[in-house]
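Protein chains in written order, with this note's numbering: chain L, 1 to 185; chain P, 186 to 582.
For the record, the hints were derived by calculation from the structure and aren't laboratory data. Note that the structure is a prediction, hence the values are computed from the model and not measured. A hint or two may mislead.
Cβ-to-Cβ under 10 Å is the rule here; a few derived chain L residues that face chain P [said to hold, decoys possible]: (1) Gly61; (2) Pro68; (3) Phe72; (4) Gly99; (5) Ile110; (6) Pro111; (7) Phe114.
The beta carbon of each residue, even a glycine, is placed where N, CA and C say it ideally should be.
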Amino acid sequence: MADIFDRINNRLRGKVKRGIAGIWQDEHQLVAAAKKVRGEGFRKFEAISPFPLHGIDEAMGIPRSFIPYVTFTFGLMGCLFGLWFTWWTSAVDWPLVIGGKPFWSLPAFIPIIFELTILFSALSSVGTLLYVCGLPKVDPPVIDKDLTSHKFALFIPEDDVGFDADKIEKLFKECGAEEVKRSEF
Amino acid sequence: MTTEVKDPGKYEVSKGFRTTYWVFMFLGILTFIVALIKNPERGWVAFLVPFFFFTSIALGGLFFTAIQHVTKAGWSVNVRRFCEAQTSFLPFAFLAALLILFFGGNYLYEWFHPHEVARDHLLAHKAPYLNKTFFAIRLVLFFGVWWIFQKVIVGWSLAQDESGDESITQKLVGVSVGFVLFFALSYSFFSVDSLMSLEPHWFSTIFGVYCFAGLFQSTIATMILTIYFLKKKHLLSGFVNENHYHDLGKFLFAFTVFWAYIAFSQFMLIWYANLPEETFWYIPRVQGGWTAVSLSLLFFKFIVPFLALLPRWAKRTPTYLAAVSIWILVMQYVDIYWMAYPAFFREAPVFSFYELFIFLGFFGLFLFSISRFLSRNNLVPIKDPRIEESLHHHVVY
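The shape of chain L in the complex, shown without the other chains (with noise of 0.2 Å):
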């Protein structure tokens, strides 16, 4: 049984990453020291934060997610599956006469097929970020227990381009940078 939930837990931790962490207590540092970051060339790292920062995006380069095309494509499927399921449930596999109505209705069907829609994007957007994210994480590692009340951390990877620990280290410093530690994430 302990065996069971052991594998599970592996499969769920995900594949930890061993880099370097620079910890700050200023948020405008660690937006400044992104960009910083990102002009030295590395393109792997990571920010974390407690709360939405204005600008991280730009700082880092992260580009505009490809999740709302997902979203579009399965409203739009939904759309589609629902004005096709409505025909031919009521039309074709077994047409009830209601209140004196045409089998295929349209208006009647409005709704299920907005509903449908709505179903689809949702559920489609809410799946493919938990996947595209990694997520749900159990028992991640912990680079530091305030960075989920008011620090703030950046994370280089060991595997991104250019990784030289004393040059990282040196770089964080330079940003102002409280805490410098070799960790995991």
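Since the structure of chain L is already known, use the hints to place chain P on it.
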């Protein structure tokens, strides 16, 4: 962190612009007089549609201003002056309403005539509400109270530009709550009185909300166009950027969906219940020449703007957004036209220079009032305590 508030620049009405609105007004009045002589019924309904169109925009400006105060919104401070400017049309709208009350009502509203009411059991039943006296009382009361609220909400905001008194911002919250409550009821009654009662046998309890959806859409579209116009004149730099456009664009998008939702709710319940006393309103609208107009609302007031405003860049590209705004305003006119005209022209839509020029007349008057307001006041509420938030407005998504 405080930023020094720069001068937003002064808007001056150019000579060409002045000429344009005077010509529009002149053409409108001339056409209206011709219409009254040749075909008064047509003249008055051609008057009613732009009257409702621009009154809604003026009132929508006040409503939008009020919800900014109620929600204590910071992002909208730099664009608030433009919805306040729209309210400057209200006194003119009141004059037009009085014209309808004293001269046009006899042509427009069946229930204005006592002998019609006496002949018709249903109209007699509705007479306690639908009668000329009560109509006049409501009209004067609504416009009067709207005008008082406009004086207070916009007036205090302008006074703050001079004094910088922060307590004004606090006091405006309560006043705005009062206006929002009054507006919800009064605008509903106003739309019932002026448009729904054109066919007094018909009733729809969602009618006020339907008109409100159009009001909000056209208000936002007008604001976007005002900002676009002023930005073209190189004003407002540093005050309004694509983030403000983005949020206004989101409102425009949201209320495009809201309009479709309400329009469909009204239609589907009547279609489903299939009661003759409700369906008779829709029947001429889905027959003959009106079919195309009804379908154009579905496609051009919902589907096209929905898809056009869906991408993020669409809301952040001023020229594109302004083009969609014009499109939406045109469809808002078609919408009101579609509500009013079939009462008089049951077979097919009519549209000629009467409709066009009387609309232009109102448009000229609207341009006159809004440009006068903007040239006399600061383009941005420069001493609003929340201006900082608007100057650094940043939309992440």
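Here's how the hints hold up against the structure:
no.: 1; hint: Gly61; verdict: violated, 15 Å
no.: 2; hint: Pro68; verdict: holds, 8 Å
no.: 3; hint: Phe72; verdict: holds, 7 Å
no.: 4; hint: Gly99; verdict: holds, 7 Å
no.: 5; hint: Ile110; verdict: holds, 6 Å
no.: 6; hint: Pro111; verdict: holds, 8 Å
no.: 7; hint: Phe114; verdict: holds, 9 Å
Hint 1 alone, counting from the list given before, is not met by this structure.
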